[in-house]
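Using the sequences and the accompanying hints, generate a full structural model.
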Amino acid sequence: MMKMSYSEMAQVVLRALLFDFTNDEVNTCVKQAYEGKFDDGCITPLVKSGNDHILELFHGPTSAFKDIGLQMLPQLMSVALRDQKDQSVMILTATSGDTGKAALAGFEDVKRVGITVFYPDHGVSEMQRLQMVTQQGKNTCVCALHGNFDDAQSGVKALLNDRKLAEEMAAAGLQFSSANSINIGRLIPQ
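Under this note's numbering, the residues of the sequence shown are numbered 183 to 372, in order.
All clues stand as given, with none of them false.
When the alpha-carbon atoms are kept at most 30 Å apart in a straight line, the in silico BS3-like pairs for lysine-lysine are as follows: (1) K213 x K185; (2) K293 x K339; (3) K320 x K346; (4) K267 x K213; (5) K293 x K320; (6) K185 x K230; (7) K293 x K267; (8) K339 x K320; (9) K293 x K213; (10) K339 x K267; (11) K320 x K267; (12) K267 x K219; (13) K230 x K213; (14) K219 x K230; (15) K219 x K320; (16) K346 x K293; (17) K219 x K185; (18) K267 x K346; (19) K293 x K219; (20) K213 x K320.
None of these hints come from the bench; they were simulated from the model.
Given the structure is predicted, the values throughout are model-derived calculations rather than measurements.
Below is the structure:
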């Protein structure tokens with residue numbers, strides 16, 4: 183595998199772990215997640231610096247390492263929804279900065295998926311706040327809240343674990359998910 187490109191490695195790993203996806207689906211997900219979206223064709227180039235080697239993880243659309251997972255997750259979710267024609271997903275995510283913009287950018291205008299990102303007001307840098315609140319997309323929403331990241335995360339977890347709300351949403355053809363690191367679809371590629 184050491185001679186493979188990042189995309190080829192991603193395909194091998196995803197095929198081994200996502201046994202309910204066909205080879206063509208995995209290949210399409212990898213292509214749509216990474217091709218033309220990173221400013222280096224290697225996706226994650228390994229650069230020699232003296233006697234050391236550094237894996238550069240900042241070449242994605244938001245310059246955050248989280249782009250690696252959050253460009254792939256929307257592709258995987260779209261395929262997962264293929265057999266559930268009457269279902270849509272609402273992504274709920276808490277952030278202290280980088281996850282928010284990377285998730286918003288990844289899910290921008292993905293069909294049948296909406297995303298709401300919660301961040302602590304005055305708890306992210308001004309640059310991170312501006313990145314989030316200026317995100318384009320008909321399916322994206324950003325909400326500042328009073329408190330800190332733990333408050334945002336606790337609120338998201340409470341919504342994700344609310345069985346009554348989940349039943350009401352299911353009756354309307356909706357389900358919750360997350361783009362935080364609890365989502366295996368983000369962890370595998372990341």
